[in-house]
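Undergrad: In the order they appear, the protein sequences are chains A and B.
To convert, take the position in the first sequence, counting from 1, and add 230; that gives our numbering.
To convert, take the position in the second sequence, counting from 1, and add 230; that gives our numbering.
Calculated directly from the structure, the hints in this document are not laboratory data.
One should not assume that every hint holds.
What the hints assert, rightly or not - No farther apart than 25 angstroms at their CA atoms in a straight line, the calculated lysine-lysine pairs in the PhoX-like style are these:
(1) B/Lys253 to A/Lys253
(2) A/Lys280 to B/Lys253
(3) A/Lys236 to B/Lys307
(4) B/Lys236 to A/Lys307
(5) B/Lys332 to A/Lys236
(6) B/Lys236 to A/Lys332
(7) B/Lys280 to A/Lys236
Fair warning: this is a prediction, and the values are worked out from it, not measured in the lab.
There are 2 protein chains.
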Amino acid sequence: MEFSSKLLENAVYEMSQLPGIGKRTALRLVLHLLRQPEAQTHSLSDALTKLRDDVNFCRNCHNISDTEICEICANPKRDKSIVCVVEDVRDVMAIENTSQFKGLYHVLGGKISPMEGIGPQDLNVVSLINKVKEGNIKELIFALSSTMEGDTTNFYIYKQLEGHDVITSTIARGISVGDELEYADEVTLGRSILNRVPFENSIKAD
Amino acid sequence: MEFSSKLLENAVYEMSQLPGIGKRTALRLVLHLLRQPEAQTHSLSDALTKLRDDVNFCRNCHNISDTEICEICANPKRDKSIVCVVEDVRDVMAIENTSQFKGLYHVLGGKISPMEGIGPQDLNVVSLINKVKEGNIKELIFALSSTMEGDTTNFYIYKQLEGHDVITSTIARGISVGDELEYADEVTLGRSILNRVPFENSIKAD
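Here chain A stands alone, though its shape is the one from the complex:
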């Protein structure tokens, strides 16, 4: 791509550094900003810079929070003895949306992934183990993605916890609500038969 302006080229280059945004999309986005009032570009730049400079992670659960301790951890109504281990803030938002979980979270900040060079030392694993060692946690729920990396991370933490008095569980894998059986993959279907639940439970859950 040959640009008629260095400023334009630079803006497009920086925009195209974002994941999933190629040069063409970046150019489209930048030209859109040029057609909008200057204030919009300033708001966007300010919001990004402010977040990046002033971002704070909850001292307890490592979720993004404007306060030292996030709202969830500070809430006296939440059950501090159950901790749900998740990958990032999106998963906290997704689980909070279900209104089905009243415990606390622990945000790892990623998954163990040798392919991407991410090891346990890059994640918030030590603070999780320390929390368990303090002895106030009854149950850890692993709620990572059902991928190779997620399973590896679960297993790594599980091994680190050996000898400690804590229940570990993972969220149920099975057929999604509303899914047709014939389109389900064999592994999921196989697991959902092995891990079948009493029919009464399924009625209660609805």
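With the hints as your guide, set chain B onto chain A.
TA: For chain B alone, coordinates are given in the frame of chain A:
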């Protein structure tokens, strides 16, 4: 979406104002920036703000340019008597890439679109008409998209030019090079038969 941080919510909101970027994508992009060094966010913000504040349009053709007159208009080797009328800077880049055009451009900055409330007064039409009135232009090539809005814009400019001594042409519509006939739409195929060219021309073009 419930956010655990106002800063995060704000950044996601501003990002989601860009076209084709929903809240989820915006959150993914913002979280990506948080995982990268601070410098990346600063470069992005600076590049966008600088472009928006200092952007300059060529006084002659209205293309984005860092100089008062863009490189193309300033190039003495270009034929100033042929002007290609395009919608925006992307079209200039696309045509320049073909290396088939040695004239100048005129960037309208959009198309007439009553649906989006864009009329001729929002585009660089007056300066085009004035250029033609000055009498140095022999041919205007309309190279707008082949849509209702593009055709309307072509026709509007064409009507404004009545009585002026200038040749007007549009870029050829037809079957794309490499396309199979059976998948072409009827309108394009019909036009390409009506506007057939001598076989010798097609050999020369290759």
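Undergrad: Determine for every hint whether it applies to the structure shown.
TA: The hints, checked one at a time:
{"no.": "1", "hint": "B/Lys253 to A/Lys253", "in the structure": "holds (21 angstroms)"}
{"no.": "2", "hint": "A/Lys280 to B/Lys253", "in the structure": "holds (19 angstroms)"}
{"no.": "3", "hint": "A/Lys236 to B/Lys307", "in the structure": "holds (22 angstroms)"}
{"no.": "4", "hint": "B/Lys236 to A/Lys307", "in the structure": "holds (22 angstroms)"}
{"no.": "5", "hint": "B/Lys332 to A/Lys236", "in the structure": "holds (22 angstroms)"}
{"no.": "6", "hint": "B/Lys236 to A/Lys332", "in the structure": "holds (22 angstroms)"}
{"no.": "7", "hint": "B/Lys280 to A/Lys236", "in the structure": "holds (11 angstroms)"}
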